[in-house]
Amino acid sequence: MPSLPSRVLPIAALGIAVLLPSPARAKDLRKRFAAGANLQLGELPALSVRYGLPTANPAVNVQVELLAGFRSTADPAPGEAGSRILAMGRVLYGMVAEDNMNLFVGAGAGARSADSTVTTRIEPVLGADFFPFGLENLGFTAECGVFIDIGDQAGAGATVGAGLHYWF
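Following my numbering, the residues of the sequence shown are numbered contiguously, the last one being 178.
What the hints contain is simulated information worked out from the structure, not anything from laboratory work.
It cannot be assumed that every hint is accurate.
Unchecked claim - Quick list of simulated restraints, FRET-style, between CB atoms:
1) T130 - A172: 20 to 26 Å
2) D162 - K41: 37 to 43 Å
3) G92 - D38: 20 to 26 Å
4) V106 - V74: 18 to 24 Å
5) P64 - V170: 27 to 33 Å
6) R42 - G92: 16 to 22 Å
Note that CB positions come from ideal geometry on N, CA and C, so glycine has one too.
Between the sequences and the hints, there should be enough to build the whole structure, so can you do that?
Structural data, given as structure tokens:
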């Protein structure tokens, strides 16, 4: 029968290994370019490009994003626009950076056109980028926020969205 110290030592070593925090290596997106698609502009899918701005610390992720979406319907439903165009720019700031996930806050502004009516859109967001293990350059985005439309078709509401980006 093993003595008490020989039983305690492996249990203590396991406890220390599990309970001691280890430093996380953040996903370094500085000076990298991404291309992808988003469904964050409300009703339209959009093509997206992102660029990670250079910072002194790899855990600090600041990105600029440009989005553009278009839809045209030959026979729109009553009260619905035949063509819609969206263009927006955003700045995203990473609040938390983990190995395979970044949590961010952001703000964007852009233009939304429905037929000949143009509206200005302001959109603050909170979101996360997920990088699957083994696919470190492929990022999945999930976010939520609010939008405020200013102009002829003014309004406000909540928005949720998803996206996919490949980082070069």
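Starting from the hint 37 to 43 Å, judge whether the C-beta atoms of D162 and K41 obey it.
At roughly 41 Å between Cβ atoms, K41 and D162 fall inside 37 to 43 Å, so the hint holds.
Verdict for V106, V74 (Cβ pair) under range 18 to 24 Å
holds (20 Å)
Quick check on a hinted range of 20 to 26 Å for G92 and D38, using CB atoms only.
About 44 Å separates the Cβ atoms of G92 and D38, which means 20 to 26 Å is violated.
Supplied distance hint 27 to 33 Å, evaluated on CB atoms of P64 and V170
Holds, at about 31 Å.
Honestly, do T130 and A172 meet the 20 to 26 Å range at C-beta?
With Cβ atoms ~24 Å apart, the hint holds.
Could you check the hint for me, namely that R42 and G92 are 16 to 22 Å apart, CB to CB?
violated (38 Å)
Hints 3 and 6 from the list above are not met by this structure, while the remaining hints are.
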